[in-house]
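Novice: For reference, the chains in residue letters:
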Amino acid sequence: MARVILAFNKKVIKEYPFVKESMAIGRDDRNDIVIDNLAVSSLHARIDKTGDNYIITDLQSTNGTFVNNKQITSHKLQHKDKIIIGKHLLFFAMSKEEQAKVKKEALDKTMILDTSKQKELLAKRADKVVEKEKIGVISFIDGSSEGEIKLGKKLTKIGKAETSEIKLSGLFMPPTAATISRRPNGYAITSAGGRTKVKVNDEVIKESHFLKDFDTIEVGSYKFQFYTIDSGDKK
Amino acid sequence: MEIKAAGLSDVGLKRDGNEDAFAMDDSIGLYIVADGMGGHLAGEVASNVAVQIIQKNINYWIAKNSPEDELFDFPDGTLSRTGNYISSSIKLANRVIYEMSKGYREYKGMGTTIVVLAVMPNSVIAANVGDSRIYLIRDDTIEPLSKEHNLVAEQLEMGLISKEEAEISPLRHILTRNLGFSDIVDADLFEIEPMNDDRFLLCTDGLTDLVSDDEILKIVKNGDDPEHLCHQLVSEANKRGGNDNITVSLIFVNTQDDKRQGIIGKFANFFNKKK
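Quick mapping for you: the protein sequence lines, in order, are chains A and B.
Using my numbering, the first residue of the first sequence is number 1, and each one after it goes up by one.
Using my numbering, the first residue of the second sequence is number 1, and each one after it goes up by one.
Calculated directly from the structure, the hints in this document are not laboratory data.
The model shown is predicted, which means the values in this text are computed figures rather than measured ones.
A portion of the hints provided could be inaccurate.
For the chain B half of the interface with chain A, some residues (derived, Cβ under 7 Å), not all of them [stated by the list, open to error]: (1) TYR98; (2) ILE142; (3) GLU143.
Listed below are the simulated DSS-like cross-link pairs for lysine-lysine, each with C-alpha atoms no more than 30 Å apart in a straight line [stated by the list, open to error]: (4) LYS82/A to LYS150/A; (5) LYS64/B to LYS163/B; (6) LYS163/B to LYS82/A; (7) LYS221/B to LYS49/A; (8) LYS102/B to LYS153/A; (9) LYS197/A to LYS221/B; (10) LYS134/A to LYS91/B.
Pairwise CB distance ranges (calculated) [stated by the list, open to error]: (11) THR216/A to GLU157/B: 27 to 33 Å; (12) LYS14/A to GLY159/B: 52 to 58 Å; (13) ASP202/A to SER235/B: 44 to 50 Å.
Ideal placement from N, C-alpha and C gives every residue a C-beta, glycine not left out.
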């Protein structure tokens, strides 16, 4: 069994055997390892056991978490690692059997970690620094009075077809003139390749084009503007 | 629409068994790759079970044109009907693997990643759970159509670490989502419009850990025979150590002969026929 030894001013305060799947460290009473010191955040860091490995994660603490004098976000703990939180030292120690096991285990073995709780905590703190998930919006500039359309679908079709999310009319408008897809790297508009020209910022696009905030889009005689807003729900 | 596809799975140079699995179904344009995990033979079982369940159910639902509310899970309004078939089949496979791992001692802790690609004339749908990947190669660019569910990728997205830190992090192999770990799972899905000459690559981390995106792009662009290019990708990973099982599947799309749309398109098709 692994242990965490809490020390302050070169004196051992307490030893914590690792009996659970994870141990929380912080100033609050809710934590498994409570450090009552103002330099320590109420929920400061967490150590998770995944298989035979132990991973420490800093929960966006004010003063940070250091392992062997290096600031970390997440770190795989090794036997004899020194964790510094505030002015306290936490010494991480594994049993002989565990050390042997970890050595034997290939470093690149895939593991799974239950991060739901950790993610909640991180998300709560990350809110302050990281932008929320954005959702794209198309607003008509002229050619119609439809106003704003939120791009809620993964693939938005623009054209004459009844099934189009953004329906346009006109004699020469094809069933689908363009599509906007939500991809890992952002929103991209794709011309369907018909006779109806698709322009972004006055330039005709041949295939795909990643959209930026306030890009203007033209499909035939219709004109739109693209921008993103904060979405209410976060996945 | 014409599709040329190939797939290849290789044990690599360091592992005893192959825990990857893949399936190709050209009749409906469905391609699946899975990377199993778990002791003894459990990883192999998980990846094969996932691939089979997903393939069978999507086939069945497409054949019956099942309405969204008859699927395994509640429909997702942001997805097309086929998108919901894929999402639901992944949730079903997850539940089966989860129940198996709870019910049998030899399957305890087993799981698998999954990537699914459906190529249809009007849309291409990409879905994934875990750290296997789907790439779109269009013109001279390569871009992901999958999201990585591991600790490093999530911290990168939250802005807690930099891209440079992420690339060298030893924590890349810690997944935050897979099939079999919990009773429910959400896949990430993307739908795009196919373009002529689009190329798609489905692969496991046995390739991406050793071969960079730019190098993959170079290989995939280096010819027109998907089977030959699959061999090149696998041998490149093996040349660099072959640390893990390597599975790749390449899908080349040709839409040149598709009917043109709109009034002018109809005229053009009409005149083409006359010729």
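Novice: Indicate, hint by hint, whether the structure satisfies it.
Specialist: We went through each hint and held it up to the structure:
Against a cut-off of 7 Å between C-beta atoms, the interface hint on TYR98/B is violated, since the closest Cβ of chain A lies about 12 Å away. For the restraint placing ILE142/B at the interface with chain A, the shortest Cβ-Cβ distance is roughly 11 Å, beyond the 7 Å limit, so the hint is violated. Against a cut-off of 7 Å between C-beta atoms, the interface hint on GLU143/B holds, since the closest Cβ of chain A lies about 6 Å away. Restraint check for LYS82/A and LYS150/A: the C-alpha separation of about 50 Å exceeds 30 Å, so the hint is violated.
Restraint check: the Cα-Cα separation between LYS64/B and LYS163/B comes to about 45 Å, which exceeds 30 Å; the hinted pair is violated. A C-alpha spacing of about 26 Å is found between LYS163/B and LYS82/A, which places the hinted pair at or below 30 Å, so the restraint holds. Of the supplied pair hints, the one linking LYS221/B and LYS49/A is violated, its CA atoms being roughly 43 Å apart against a limit of 30 Å. At roughly 36 Å between alpha-carbon atoms, LYS102/B and LYS153/A are farther apart than 30 Å, so this suggested pair is violated.
Straight-line distance between C-alpha atoms of LYS197/A and LYS221/B comes to about 28 Å, which keeps the hinted pair within the 30 Å bound. Taking the CA atoms of LYS134/A and LYS91/B, the gap is about 26 Å. The hint holds against a cut of 30 Å. Between THR216/A and GLU157/B the CB atoms are about 29 Å apart, so this pair conforms to the stated range of 27 to 33 Å. Between LYS14/A and GLY159/B the CB atoms are about 35 Å apart, so this pair departs from the stated range of 52 to 58 Å.
For ASP202/A and SER235/B, the hinted distance range of 44 to 50 Å is satisfied, since their beta carbons lie about 47 Å from each other.
This entry does not satisfy hints 1, 2, 4, 5, 7, 8 and 12, going by the numbered hints stated previously.
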